[in-house]
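Top to bottom, those sequences are chains U and R.
So the first sequence is residues 13 to 485, counted in the numbering used here.
So the second sequence is residues 41 to 416, counted in the numbering used here.
Please keep in mind that the hints were generated in silico from the structure rather than gathered at the bench.
Covered stretches of chain R (in silico footprint by chain U; criterion: 3 or more residues with CB under 8 Å from a CB of chain U, positions within the stretch not fixed):
1) 68-74
2) 302-315
3) 319-327
4) 336-349
Every residue gets a Cβ at the ideal spot worked out from N, C-alpha and C, and that includes glycine.
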Amino acid sequence: MSDQRKRTQVADVNRSLYDFTKSEEGYERYDDGLTPEIVRAISEKKDEPEWMLEMRLRALELYHARPMAENWGPSIAGLDLDHISTYVSPKTKQAKSWDDVPADIKDTFERLGIPEAERESLAGVGAQYDSEIVYHNMRDDVAKQGVVYTTIEDALHDPQWEPVVREYFGTLIPPTDHKFAALHYAVWSGGSFVYVPAGVTLPYPLQSYFRLNAAGAGQFEHTLIIVEPGADLHFIEGCSAPKYYEANLHAGAVELFVKDGARLRYSTIENWSKNMYNLNTKRATIGADAKMEWVSGSFGSHVSYLYPTTIMAGDRSSCEFTGITFAGATQDLDTGCKVIMNGADTTASVSTKSISKDGGVNTFRSSVVIGRRADRARCSVSCQSLMLDDISRSDTIPAMDVRNATAQVGHEATIGRISDDTILYLMSRGCSEAEARTLVVNGFANPISKELPMEYAVEMNNLIKLEMEGAIG
Amino acid sequence: MAEKNAAAEAACAATPEIALERVNVAPAQTWNRLRTNDITLTVPARGRAGDVYFSLPRLFEGVECGMGREVTDWAESQAAGARYVEVPRGEKREEPIVVAVGAGEVADTGVMVREGAEATIVVAAGGEKDGEAGTSASLLRVIAEAGARVHLYEYVSAGAGQHLESVGISAGRDARVDVHQRLLGGATVALGFACDLADARARIDLDCRYHAGGAEVLDINEIVRQRGRKTRSELSYSGVLEGAAKKGLRTTIDLIHGAKGAQGNEAETVLVLGDDVVNKTLPTILCDEDDVAGNHGATIGSVSPEQLAYLADRGLSREDAEQLFVRALYEEALMNAPCDEARAVVDDSIGDRPLLNHEDDDSKGVCPQLNHPEEA
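Let's have the full structure, built from the sequences with the hints guiding it.
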């Protein structure tokens with residue numbers, strides 16, 4: 013038998029669910045490019061306090077001054093800010109009832125299943141369409157517990173919450189962090205502000221969904237979540253966009269403050285279209301005895317740079333990162349995570365899977381930094397990559413920096429294909445070859461999908477399992 | 041030691057220096073703020089104006105070396121000459137090819153191991169010579185033709201000096217290379233190793249053991265390109281870090297398109313004994329082929345409390361217990377040294393380390409070879 017063995021054939025993700033567009037007629041769309049005038053216009057439109065405008069303008073200077081690292085990461089040569097509009101907004105006001113949302117936008121979110129999910133299993137929903145939140149609502153019983161779930165813009169106009177936003181905004185991910193963090197702070201719009209009072213446990217998740225409908229546009233939402241001591245929150249983030257031939261850009265920022273003894277689970281299914289440059293930044297800082305859980309599925313976008321970061325500042329804090337990345341044709345997804353362990357007796361666990369097919373490029377990139385104070389810190393990193401053909405690529409680049417003699421770090425990485433022995437074994441037990449390969453791929457992804465909320469697990473299975481059936485040769 | 045440093049400073053003052061910036065670079069890099077992608081070294085740059093550069097046959101220019109082109113160019117310019125050794129087809133060379141470098145010395149060596157031949161190569165390097173510290177360097181390029189066997193020993197102990205070691209190997213069909221790296225300290229030791237498994241069934245087995253203490257800096261960059269079908273790499277690293285030692289280890293297994301049936305495995309174990317140790321690791325697997333297997337595993341930690349308690353029950357203090365691991369490393373290096381030059385490197389290294397040279401205590405029983413190698 014030749015070395016050229018049969019391979020699993022997996023069809024592209026069926027994007028028909030997401031690939032529908034709505035007319036931009038009547039929308040407010042700022043000129044392409046990035047100028048101080050555009051930044052001032054965004055700030056003026058939002059009627060922001062002066063400090064925010066100053067922050068935006070300073071960030072704009074940083075953006076122009078900062079170079080892009082040239083020695084690592086996928087190429088973003090196709091991204092030209094001179095052909096990106098940084099602000100596109102439907103002419104509608106934020107609604108608290110889906111009935112008040114314009115029909116075309118409401119139809120979009122209904123097709124994505126958001127109102128239905130809200131009715132069945134969510135404590136609150138925020139829906140962003142291009143640059144602005146068009147719908148925001150939260151259950152009354154949750155609000156009565158003192159939970160705040162609103163937009164950053166609304167929080168900035170609330171005398172009670174403006175000082176809080178000012179205290180936290182841009183402190184965990186400073187504009188100096190990297191070039192696209194600076195861009196984000198210059199033109200940010202939309203996103204969510206969540207405040208969970210001490211000791212409050214939300215029975216259901218909150219969810220924000222981000223839809224970028226406009227072609228040649230950017231989305232720059234900012235998510236700021238504060239979970240006070242002993243509180244517990246599950247926050248879900250979803251995103252999608254129709255496919256265009258023009259480049260789109262997503263450069264959001266997520267800042268998460270998890271106080272002592274609190275727990276936050278942050279789940280994301282990222283399903284941008286394949287013309288999207290996804291240059292998102294997510295970061296959490298967690299206090300003593302706090303727990304941070306990341307569940308991350310990356311399926312879409314043309315290029316991704318995505319590394320959720322956890323700063324484990326408090327003693328006995330813990331962090332779990334569970335992620336899966338699926339790279340198909342034309343995709344170059346550079347994903348992973350960063351863990352910075354500074355507290356004593358901290359524990360971190362990273363488990364990631366990636367699947368590459370049809371020339372897709374997957375890069376798992378991580379860093380684990382254990383500081384001098386992190387006595388008895390424990391960290392394990394596991395990275396498994398599955399190659400489904402020989403035109404795809406999968407790289408693992410995990411960095412470790414250990415500066416404490418009592419810390420224990422374990423790391424393992426494997427890259428390979430589905431073995432013929434496995435397929436033969438399953439076929440000897442009555443599976444067809446197609447079923448056998450489907451079983452293996454689903455089994456590979458299963459540890460991740462079981463961590464997702466039900467509707468997202470179903471979506472992920474749709475993205476992997478259903479697309480494999482009937483497409484395996 | 042003060043005299044040594046004074047001598048070294050005087051030598052430095054007399055020789056112009058240049059900075060080799062961003063050398064020992066891994067093929068795939070990561071966040072620059074981690075400062076783990078490369079190292080910058082200051083090296084002497086002796087003027088060679090008017091000298092004839094004796095270089096290796098041009099064939100060797102195609103051999104990738106671990107520390108990169110800049111170091112290759114520097115070493116070629118600083119070496120007194122280039123030494124070429126050829127092992128004829130089918131011949132097993134009994135006498136090892138020894139490259140011995142001391143402070144201020146730079147060697148440029150090319151070895152051609154013809155089809156079916158076998159050779160042992162030993163690099164014995166120290167940054168000190170006659171008690172003087174300085175910079176030493178070895179540039180070694182090896183071409184192993186089809187079916188050749190190469191045994192490479194790299195013994196490095198730079199003392200208060202600095203050592204650069206850049207190695208490149210190209211392995212043909214069915215060639216087998218085994219590498220034994222024993223890095224036993226030095227103010228700064230930078231080692232780059234690259235091996236191209238260029239044709240079918242070529243194989244490398246690499247065993248790297250290292251020890252660094254005090255304020256020593258150890259920077260290792262190892263690259264294995266698996267180009268041929270059913271090639272195999274087995275890379276093993278184990279080391280002990282003490283004091284305020286700084287170690288950077290970058291390993292890359294590059295499974296290149298077309299290397300069907302290739303396997304690459306890499307494992308690292310690090311014992312951290314010092315509170316001020318900086319231990320950086322970047323174990324990379326690059327995969328451009330589906331019919332391959334690449335695996336990496338790493339364990340970084342200290343002697344567990346359970347192990348310490350067990351040893352304490354048998355009368356060993358924490359320090360004694362930890363030094364057992366260090367002694368084991370030196371003992372192994374000594375026992376497996378392939379020639380006198382390599383043994384001398386281990387001896388020199390032991391001499392620099394008081395903890396290993398307990399002449400006035402009763403610890404000889406733990407590892408007599410370390411104190412009296414001639415009795416072993």
